[in-house]
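Trainee: Since each chain comes alone in its own frame, lean on the hints to assemble the complex.
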Amino acid sequence: MTARRSQIDIVFDILMAVQAKGGKIKPTHLLYKSNLSHTRMKKYVEELKQKGLIAEISESTRKTNRNFFTISDAGLRFLADYRKVKELTDAFGL
Amino acid sequence: MATLIFSPCWFHGIDTLFEAFSGLVALLIALAGYRAYKLAKDKKYFYFSAAFVFIALSFLARAFTTLYFVFRGLNDVPGAGVAQSLGAPIFGGFNIFVIGRFAYVLLTLFAYLIILLLSMRPADRKTDRRIIALLSVFVVLFAALSYANSLAFYLVALTFLVFITANFLNNHREKKSAATRLIFLAFAALAFECLLWMFANYNPASLLVVFAYLARAAGYLLLLSALLRVYRK
Chain C
0 MTARRSQIDI VFDILMAVQA KGGKIKPTHL LYKSNLSHTR MKKYVEELKQ
50 KGLIAEISES TRKTNRNFFT ISDAGLRFLA DYRKVKELTD AFGL
Chain Z
0 MATLIFSPCW FHGIDTLFEA FSGLVALLIA LAGYRAYKLA KDKKYFYFSA
50 AFVFIALSFL ARAFTTLYFV FRGLNDVPGA GVAQSLGAPI FGGFNIFVIG
100 RFAYVLLTLF AYLIILLLSM RPADRKTDRR IIALLSVFVV LFAALSYANS
150 LAFYLVALTF LVFITANFLN NHREKKSAAT RLIFLAFAAL AFECLLWMFA
200 NYNPASLLVV FAYLARAAGY LLLLSALLRV YRK
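Protein chains in written order, with numbering that gives the first Met the number 0: chain C, 0 to 93; chain Z, 0 to 232.
Hints were generated in silico from the structure; no laboratory data involved. You may find that some hints are simply not true.
[Said to hold, decoys possible] Derived lysine-lysine pairs resembling DSS-like cross-links, with alpha carbons at most 30 Å apart:
#1 Z:K43 <-> Z:K175
#2 Z:K175 <-> C:K48
#3 C:K20 <-> Z:K40
#4 Z:K43 <-> C:K83
#5 C:K50 <-> Z:K43
#6 C:K50 <-> Z:K40
#7 C:K23 <-> C:K42
#8 C:K83 <-> C:K62
#9 C:K62 <-> C:K85
Just chain Z, with the same shape it has in the complex (with noise of 0.2 Å):
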């Protein structure tokens, strides 16, 4: 049996805000890196921008679902604001739900592949070819499974958002510059969020929802202040 986590019922539509937030700088990310793209004409730009427009996208699929349940009414359901579980006849929405969420786990887990590529060295970033096909293939069977089991895909979001964590960590260690340290801090964030998901998952009503949703937005904060001490240069 799968569990749709929706945030408590003070927070329904609070949390579109969060997303459509978190969405709007990652699109201001991908706009940065297209322009880099397009004046470079360089393809590390063209990925990098790629991720962040299949972040504000999975954003996109997570808003639209979760308005579309709660507009249905899930959050009137006495003892279930917060969860439902999918084969309940309440939902009637099943397929909503089901595309809705494999769009989101499909889009988030390769973006952060192609981040985690993007992040290693320029000398260990020429992964053989078949190792990134492989991982392609995981996270498209993890996003086609993730309707059925919502730890399985915090659980790949997270190992992947430490790797990700550890090479801006090293980067930052290497540039020491303001822009790097809020970068590393952001992603150190987002896992974090991952995290706080994992737990929120055995109890979909408690606060650490609210609190996931705080430290992705802190995670968004934090890269568009990255962004801005670029731009303002």
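So that you can see chain C by itself, here it is in the shape it has in the complex (with noise of 0.2 Å):
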């Protein structure tokens, strides 16, 4: 069994999660990826935009009106932090 994330570890899944489809992806495709409830991802999703981590950004074509979240320079600049840390706290072993 692995252990329970932590709350930053979530942030950083998430972040990650934005990264890794090219710093823009879809709601539905942020919660399947960050392996949360609806609930709490809204929860997660509203305290990064308040952060200025994440923004939400809409994109309408013809027939629809889709909406993405983007990563922030500051969402990148916490990412390369906290490698950071998770290289420093594997290092020692922490």
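Mentor: What follows is the structure, encoded as structure tokens:
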């Protein structure tokens, strides 16, 4: 059994999912990738939007209006910093 | 009768540079740990950072004590360039020695105790607080008595370092990365340093003291390269 993810691990997973999709992801894809319930994902997404780590954009075509989440520069910086923290954790077995 | 170990006369000053280098590396690791704490808000990083701050402060205490006695002309005493008994009136700075030595030993042992607890597997890390309290009492007791017996300090420090090294070896076997190998080797070098100090305790004038400093420098160089490897990516 794997250990429960901490809040910061979940944030990292969400941002990683957005980055892995080229910096732009559909809400449904994010839901699958982040492995969270819809309610919890909404809570995390709101928090990340407030902190400026992601942004929500809408792209409209002739037929539909689609929403996406994009990762901001602050989000990319957070990812880089947290990767270093993970490296440090692994190196010292913390 | 206690013995205050200095280095051979020709090594005076150089030994302080070694302390400064080790202290600087310890501070860099503490800074990395504190940055991790600020980002992840996890107390384990705070304790990790505190352990390395303790190590840096212990080197500061040791360097200060050494320099104090070197500047007081201890190195000019015939046959006593390396060691001098506590009771000898030539010192006149008994309190400085006791405080410096106590600070060095206490901070070092507390740092090793924290690193030992942190290096355990997460499942084993939740050690009973009473055990930690008991170990802390022993650390304070050893520190209080260590000015009278350096050997006891090095023996306790060596015991801590052997366990820490074993934990880091297990960590390396699990993760098999260059950084884990460097950290395992670094703590093995620090354990070897303690062993050399134990032998140097019997013959302070020997080159063993210099080799002990070299072993420590190698240990901190390895820790620095592990840190750079983590932050270069």
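Trainee: Each hint: holds or not?
Mentor: Structure-based check of all given hints:
1. Z:K43 <-> Z:K175: holds (22 Å)
2. Z:K175 <-> C:K48: violated (37 Å)
3. C:K20 <-> Z:K40: This hinted pair holds, its Cα atoms lying about 28 Å apart.
4. Z:K43 <-> C:K83: holds (16 Å)
5. C:K50 <-> Z:K43: holds (25 Å)
6. C:K50 <-> Z:K40: Holds. K50 of chain C to K40 of chain Z sits at ~16 Å (cutoff 30 Å).
7. C:K23 <-> C:K42: This hinted pair holds, its Cα atoms lying about 19 Å apart.
8. C:K83 <-> C:K62: It is violated: about 44 Å lies between the C-alpha atoms, which goes past 30 Å.
9. C:K62 <-> C:K85: Distance of about 44 Å is beyond 30 Å: violated.
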